[in-house]
Amino acid sequence: MGELVRLTIEQGLARIVLARVEAHNAMSAPFIDALATACETAAADPAVRAVLLTAEGKHFSVGGDLRAIHSEADPAAAIEALATRLHDGIKALAACDAPLVVGVQGAAAGAGLGLAAAGDIVIAGEGASFTMAYSAIGLTSDGGATWLLPRVIGLRLTQEMALLNRRLSAAEALAHGLVSRVVADEAVEAEALAVARQLAAGPTRAFGGIKRLLSAGQTAGLSDQLDAEARSMGDLLRTQDAQGAIHAFLAREPAVFTGQ
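Reminder that position 259 of the sequence shown reads as 259 in the working numbering, one-by-one numbering, no gaps.
FYI, nobody ran anything at the bench for these hints, they're computed from the structure. There are no misleading hints in this set.
Using C-beta positions, here's what the derived DEER-type ranges look like: (1) Arg156 / Ala184: 26 to 32 Å; (2) Ala73 / Ala44: 32 to 38 Å; (3) Gly217 / Arg252: 32 to 38 Å; (4) Met233 / Asp88: 28 to 34 Å; (5) Ser169 / Gln243: 41 to 47 Å; (6) Arg67 / Leu214: 34 to 40 Å; (7) Lys58 / Gly234: 47 to 53 Å; (8) Gly221 / Glu186: 44 to 50 Å; (9) Pro150 / Glu126: 23 to 29 Å.
Positions of the beta carbon are idealized from the N, C-alpha and C atoms, including for glycine.
Turn these sequences into a full structure, and let the hints guide you.
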């Protein structure tokens, strides 16, 4: 068996590929550890200016490998450990400046849905589908779904997905804001790669500031958020990218960003 998850870093772009094709990228313990390690490695590399997460095979990810979990001596302890390790990777990507682009084909179920929802930009194929799946097996959800989905698609639709196991088509996911755009299934990787490359050539530290402001704005009061916006602009104006971009604008020249 080859690599379960592949990571390559080139020209500021970290590409993470889910590659457990024979199991539709079901998340076993080795798979989750490889994924979390890839996420942590990409997030810790100062040269990384964007992250692209895609998957090989028919499906993005069908979620946890229930057969493997059920075979553990203590399945309850095993599933908690697996979720915790998966969350290490999600936390690492959320905390870094580099934006995350996700390309989804086929099913994004369970923890696969959480991974997809974690993207800053999400490209879905026309045949993609999104489901929480946990209530069908008597569990609550992981992968950040209970934090991400109410903020992205609203509480009521999240409740329907969580309690009634409603499956969203790609068209429904687009209409409700779960994905950024929908393309032909065969175009998902190319479209996601083009977006990721565009972001990798952008003002990375500004992107990080945008990520943090958008996250904080979900719970901050207006006064606190206004103060945070003002501080962020001051901080960013001290960066090489902002100073260079303003100079280029005034000179009517294209800006060139270095991520600094």
